[in-house]
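Engineer: Next come the chains, spelled out residue by residue.
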Amino acid sequence: MSDLFHVSSSPHVRSKDTSGRIMLYVVLALLPTTCFGIYNFGYRAAILILVTIASCVASEWVFEKIVHKKSTINDFSAVVTGLLLSLNLPATLPWWEAALGGVFAIVIVKMLFGGLGQNFMNPALGARCFLLIAFAADMTKFAIDDYTGATPLAAMRNGEAVNAMDMLIGRTAGTIGETSAIAILFGAIVLILLGVIDLRIPGTYIVTFVLFLLLFSGHGLDANYITAQLCGGGLMLGAFFMATDYVTSPITPNGKLLFGVCLGILTGLFRMYGANAEGVSFAIILSNLLVPMIEKITVPRAFGLVKEGKKHE
Amino acid sequence: MGSMTFKGGVHPYDGKDLSKDKPIRELLPKGELIYPVSQHIGAPASPIVAVGDTVLRGQKIAEAGGFVSAPIYASVSGTVKAIEPRRVTVGDMVTSIVIENDGEMKEAEFQKTEDVSSLSREEIIGKIKEAGIVGMGGAGFPTHVKLSPKEPDKIEYIIANCAECEPYLTSDYRRMIEQPEKLVAGMKIVLQLFPHAKGIFGVEDNKPDCIEKLNELTAGESRMEVAALKTKYPQGGERQLIYAVTKRSIHSKMLPADAGCIVDNVETLVAVYNAVALGQPLMNRIFTVTGNAIADPQNFYICIGTNYQELLDAAGGFKTECKKMIAGGPMMGFAMFDINVPTTKTTSSLLCFTEDEVAEYESTACINCGRCVEACPELLVPSRLADYGERGLSGIFEKWHGLECVECGSCSYICPAKRPLAQSIKTMKKQVLAAKRKK
Numbered sequence: 391m392s393d394l395f396h397v398s399s400s401p402h403v404r405s406k407d408t409s410g411r412i413m414l415y416v417v418l419a420l421l422p423t424t425c426f427g428i429y430n431f432g433y434r435a436a437i438l439i440l441v442t443i444a445s446c447v448a449s450e451w452v453f454e455k456i457v458h459k460k461s462t463i464n465d466f467s468a469v470v471t472g473l474l475l476s477l478n479l480p481a482t483l484p485w486w487e488a489a490l491g492g493v494f495a496i497v498i499v500k501m502l503f504g505g506l507g508q509n510f511m512n513p514a515l516g517a518r519c520f521l522l523i524a525f526a527a528d529m530t531k532f533a534i535d536d537y538t539g540a541t542p543l544a545a546m547r548n549g550e551a552v553n554a555m556d557m558l559i560g561r562t563a564g565t566i567g568e569t570s571a572i573a574i575l576f577g578a579i580v581l582i583l584l585g586v587i588d589l590r591i592p593g594t595y596i597v598t599f600v601l602f603l604l605l606f607s608g609h610g611l612d613a614n615y616i617t618a619q620l621c622g623g624g625l626m627l628g629a630f631f632m633a634t635d636y637v638t639s640p641i642t643p644n645g646k647l648l649f650g651v652c653l654g655i656l657t658g659l660f661r662m663y664g665a666n667a668e669g670v671s672f673a674i675i676l677s678n679l680l681v682p683m684i685e686k687i688t689v690p691r692a693f694g695l696v697k698e699g700k701k702h703e
Numbered sequence: 040m041g042s043m044t045f046k047g048g049v050h051p052y053d054g055k056d057l058s059k060d061k062p063i064r065e066l067l068p069k070g071e072l073i074y075p076v077s078q079h080i081g082a083p084a085s086p087i088v089a090v091g092d093t094v095l096r097g098q099k100i101a102e103a104g105g106f107v108s109a110p111i112y113a114s115v116s117g118t119v120k121a122i123e124p125r126r127v128t129v130g131d132m133v134t135s136i137v138i139e140n141d142g143e144m145k146e147a148e149f150q151k152t153e154d155v156s157s158l159s160r161e162e163i164i165g166k167i168k169e170a171g172i173v174g175m176g177g178a179g180f181p182t183h184v185k186l187s188p189k190e191p192d193k194i195e196y197i198i199a200n201c202a203e204c205e206p207y208l209t210s211d212y213r214r215m216i217e218q219p220e221k222l223v224a225g226m227k228i229v230l231q232l233f234p235h236a237k238g239i240f241g242v243e244d245n246k247p248d249c250i251e252k253l254n255e256l257t258a259g260e261s262r263m264e265v266a267a268l269k270t271k272y273p274q275g276g277e278r279q280l281i282y283a284v285t286k287r288s289i290h291s292k293m294l295p296a297d298a299g300c301i302v303d304n305v306e307t308l309v310a311v312y313n314a315v316a317l318g319q320p321l322m323n324r325i326f327t328v329t330g331n332a333i334a335d336p337q338n339f340y341i342c343i344g345t346n347y348q349e350l351l352d353a354a355g356g357f358k359t360e361c362k363k364m365i366a367g368g369p370m371m372g373f374a375m376f377d378i379n380v381p382t383t384k385t386t387s388s389l390l391c392f393t394e395d396e397v398a399e400y401e402s403t404a405c406i407n408c409g410r411c412v413e414a415c416p417e418l419l420v421p422s423r424l425a426d427y428g429e430r431g432l433s434g435i436f437e438k439w440h441g442l443e444c445v446e447c448g449s450c451s452y453i454c455p456a457k458r459p460l461a462q463s464i465k466t467m468k469k470q471v472l473a474a475k476r477k478k
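Protein chains in written order, with our numbering: chain A, 391 to 703; chain B, 40 to 478.
If we strip away everything but chain A, and leave its shape as in the complex, we get (with noise of 0.2 Å):
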C-alpha cells in the first residue's frame, strides 16, 4: 500500500485558531488593564507581575519536568494566569508572597487535578483567595502614594461618599487590576470582538448583581450607588476576565446564562451581609464549584427534538 498519502477521518481541514492564540488574545485584551494598574500604582506594580507571570510560567515547567510530561508552557495560559493573578494583589505586596501565590495557584489548583482544562476552580482567584488566608494584613493594605488606604467599597461600606467618575476612570485604591473600570471595559470589548467570550456570562452576571442591588441594597434607585458598586472591587475584571474562564464555567449556552445568575446573587449576598466589602473572588470560585451541576441540569435539547408531551408539529 502507498505511504505517499496520509489517510484520517474527516473534517481534513482545520481552522487557523489554537488554543496558544486564544490565550494571546487575552493577554492583549490585559494590556490597557494592567498599562493603567502600573501608571497608577508605580514600579512596584510592574515588578510584581512580572514575579507572579514568572513563578507561573516556572512552576508549571518545573512541575512537568518533576513528573515526566510535556511541557505546556507554550501554550501561554500559565501566563494568564499569572497575569489574572498579580492584577488580583495590592501592589505594595511582598514579591515573595505573590511568587507564592503563583506557585500555589499553578500547583495546587491547575496541575495537581491534571493540567489546563481539568482544574474545577480558577487557579488566579484560588491563589488570591489562598493569600488573602494565609497574609490577611498584607492583602488588604492598599495604602499607597496618593491613596490613604481605604477602597472605595469600604469606604462606602462606612457611610462615606465616594466619586463614581474617580472610580471609573481607576484612580482609587485597590489591587493593581481592578481599580480602572473603562481600562478593563476596553479590554473586555477587544475579546468580545475577536470571539473569545460572549456576553451571556458577563452580562446576566452585571444583570443579576444590579437587581439584587435594586431589591436588597436599601438604596433603592440611585445611579452613583450602583455605579460605584459595578465599578468598586473587582466587578469588572471578575466578570469580564475570571468568571469566563473557559475551564471553570459551565460550556452548555443555558448554563453560562445560570453560571452569571449564581454569580450575581453570590456577589450581592457577600458584599451586602459578609465581613467584608469585596465578594467577586469567592462568589466566582463558589460558582466554579457548581458547574458541575449547572452543566447537567442544562443539556441543550439538540435540533428538533422539542420537549416531552409537546406534540412536533
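Any given hint might turn out to be false.
[To be verified] Lysine-lysine pairs mimicking BS3-like chemistry, simulated, CA-CA at most 25 Å apart:
1. B:K457 - A:K459
2. B:K61 - B:K237
3. A:K686 - B:K46
4. B:K252 - B:K237
Keep in mind the hints are simulated off the structure, nothing from the lab.
Chain A is already provided as a structure; the job is to place chain B on it using the hints.
Structural biologist: Only chain B this time, still in chain A's reference frame:
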C-alpha cells in the same frame, strides 16, 4: 431580505476559485471501467452479465437487489472482463463488474418521452427506479424510494439542494451555470408526483449568478421558487437545508417526508430529467478535480466507473508533491490511500492537497472554550460527547443526544485544541447503533 440559514455552522476557506470558472469538459475514458455493485444505500445489485459478454453503453449490467437498491448500467461499450472484488474509494473491497472499454461508445436505444406531463405517477417512479438513480450528493439513497413516501399528498416542499456548501467543490455550480434548464425540468417532473408541493431551489448566496439564472428560468413557473441561503457550512446538510427553507426541524428518527419535505441534489434532479424525458439510465455525472496540488483543476463530465487515475491525469496530474488525497469535500470526504479506484454514482470530486492540515497540528487538552458548541448545527456539546465516546460511556453519550450528530465535522474544524471530536463521536455513534441492532 437576508439569506435564510440555520443556527451554528462554520466558515472554512472555500477554495472554489480554483475550478469554478472551468467549463464542464467531457472526458472519454480510455482504460477499463469498474462498477462496484454497491454504489447506494441498501441491498447490493446483482450482476446480470457474464465475463466475456459484450455490452453497450446504457445496457443494464446489474439488477437491483431489492426495493431499497438500484440497478447499474454500463457507461461505455465493450466487453465484461471480470467480476471480482475491487477496491473502492473508502478502502473496502467490493464485488465489481470490470468492463474493457472498446472506445466506440456504441449506445443502447433510449426511449424518449415527448410529453412527460401525460405520464402517471407510477410510470415516472418506474422510470426513475429502472434508471438506477440514487442520491448523487453523496448519500446514495435510492431516489425512487425517497419519492414514494407513505402520504404523497402531505409533501409540501421539494427542495433542490443547490447549496454545495462543501469547500472546493464546483460540480453542482457548473451544472447550474451551464445546464440549469435540465435541473428545472427535473424539478418539474418531481413536482408532477406531488400535487401539493412547491419546488424550492436552495442556493448559497456565494453563487449569485446561479440564483439569477434559476430566477429567470422559473419566472413563469408558479410552483417554483429560488431561495438564497447564507453561505455557511453545512448549509447543504439535509436537516439544516430543510430548516433554512421551511423553518421546520427534523431529528435523527424522522424522515424529511415527516416534515412534508423531500430533498434532492442537483445531479439527482438532472438524472431524473434524463431518465424520465430522455429514457437514459444513470451513466454520467459532473466531477471536480481540484486542490492546490493539481496542475490544472477541472470540472469533468465523466462516465461513472472511470478510474480516478485517469481523471487526475486529465487534470494535468500533480504540479507539486501531494500529501493528501480526498474523495469528496474536505469536510466530509474520505482520505484515500490508493488512487487506483473507480468513480461511482455518488462521488463528486477528487481533492489533492500539498499539506495535510490534520497532521500539521498536534492535538492538545480541551480548554472547554465552547467553540464546538457554537458551531454544532445540531446544537450538541461535541467536546463532552467526544469525551464520553473516548471513555466508552454510552449511556451518558445518548443522554447528551450523541446519536443526533450528523457527522458534518464542524466541531473538529473549529476546535482550537485540534481535538478529533467528530472522529470520536462518529466511532461511538457506530458502537451505540451496533449495540442497539443486536438487541
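Engineer: Now tell me if each hint is right for this structure.
Structural biologist: Hints, one by one, checked against the model:
| no. | hint | result |
| --- | --- | --- |
| 1 | B:K457 - A:K459 | holds, 19 Å |
| 2 | B:K61 - B:K237 | violated, 32 Å |
| 3 | A:K686 - B:K46 | holds, 23 Å |
| 4 | B:K252 - B:K237 | holds, 19 Å |
Going through the hint list in order, the structure does not satisfy hint 2, though it satisfies all others.
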